[in-house]
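Undergrad: Let's have the full structure, built from the sequences with the hints guiding it.
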Amino acid sequence: MHEMSVAQNLMATISAEAAKQKSKPIKAKISCGILNVINDELLAEAFSAISKGTSCESIRLEIEHKPMRGLCKKCGREFEVDFSKGRCTCCDSADFELLEDAPLILEEIEFETG
Amino acid sequence: MKVKIGKKILSANEQYAEQNRKYFAERKILCLNMISSPGSGKTSILTRTINELKDRLKIGVIEGDIQTDYDAQRIEATGADVVQINTEGACHLSAAQVSGALEKLSASKLEVIIIENVGNLVCPSAFELGENAKTAVLSVAEGDDKPAKYPALFAKSKALLINKIDLLSLGAAIDFDIEKVKSDVHRLNKTIEIFNVSAKTGEGFDRWCDWLFEQAKKQA
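Sequence lines, in order, name chains W and P. Note that the first sequence covers residues 1 to 114 in my numbering. Note that the second sequence covers residues 1 to 220 in my numbering.
Treat the hints as calculated values from the structure; they're not laboratory data. Since we're looking at a predicted model, the values are computed, not measured. We put the beta carbon where it would ideally sit given N, CA and C, even for glycine.
Covered by chain P, according to a simulated footprint, are these stretches of chain W (three or more residues, beta-carbon under 8 angstroms):
no.: 1; segment: 1-10
no.: 2; segment: 17-30
no.: 3; segment: 77-86
no.: 4; segment: 104-110
TA: Next up, the structure:
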């Protein structure tokens, strides 16, 4: 349940930005790769638990999971890796390298207007 | 109103990890972050590794557990330097905790620091501690499907120790296909080194210890 650590870090950044904007945050967009092992429900629960009674209380988290990408050494194409198959989706070669997994990023915060 | 942020959520942890990375580099220390499920035999692997390399490498250990200093006591009995961190519930170590532990470790004399993370096959792999490499441990009793089910750790590790292989030769009723594990792991990670070991009997430790020694020499 490392989502609690992620939620704490997330709230610290959002609170700081909210203080700067002097506005109430209502939505946060997050993106992550598969190796960050983020579970959407657990992160939402953790965030809701720690943000209760704060300005971040009513934030909705929108989480985009980016797939792992591979670079095929045979056909040279980049493709979305399916670990259960472990082959290039274009030429079926098993000779490919994994590209770097997407990091865990807070992309955008939406604030209440007016 | 939308505000673009584009900031790494775990940047606070990464700052500490970077600080630790510098600490190891300046002292030419090899740091491994050892990760596995609870009960896979991390501490037994460490005590045997420390004993077998006693005359060749000075190894220190940072122990991470939710509660107790049981593991630190076992390391201490080998004569090696050890610091215990209790996470009080947290399922992984953070780089800040490791940074605090480094202050208590007499690191000036060490060539290798092994961080034994909290027993957990998922969460610890998401938090960089500043290590040179992650080392995964999988014991045969856990089943040969774990790399496919929990890919993150195996994709990120530089080495994998398959432990308790003595159970297989005992004819114990364990369905564990080492070749399946190797092919599943290589699908995730083409360059990982895999060692079949038994911390109980010492089988496979020559190759593992030689590898560790070589890695440490690369830092120096």
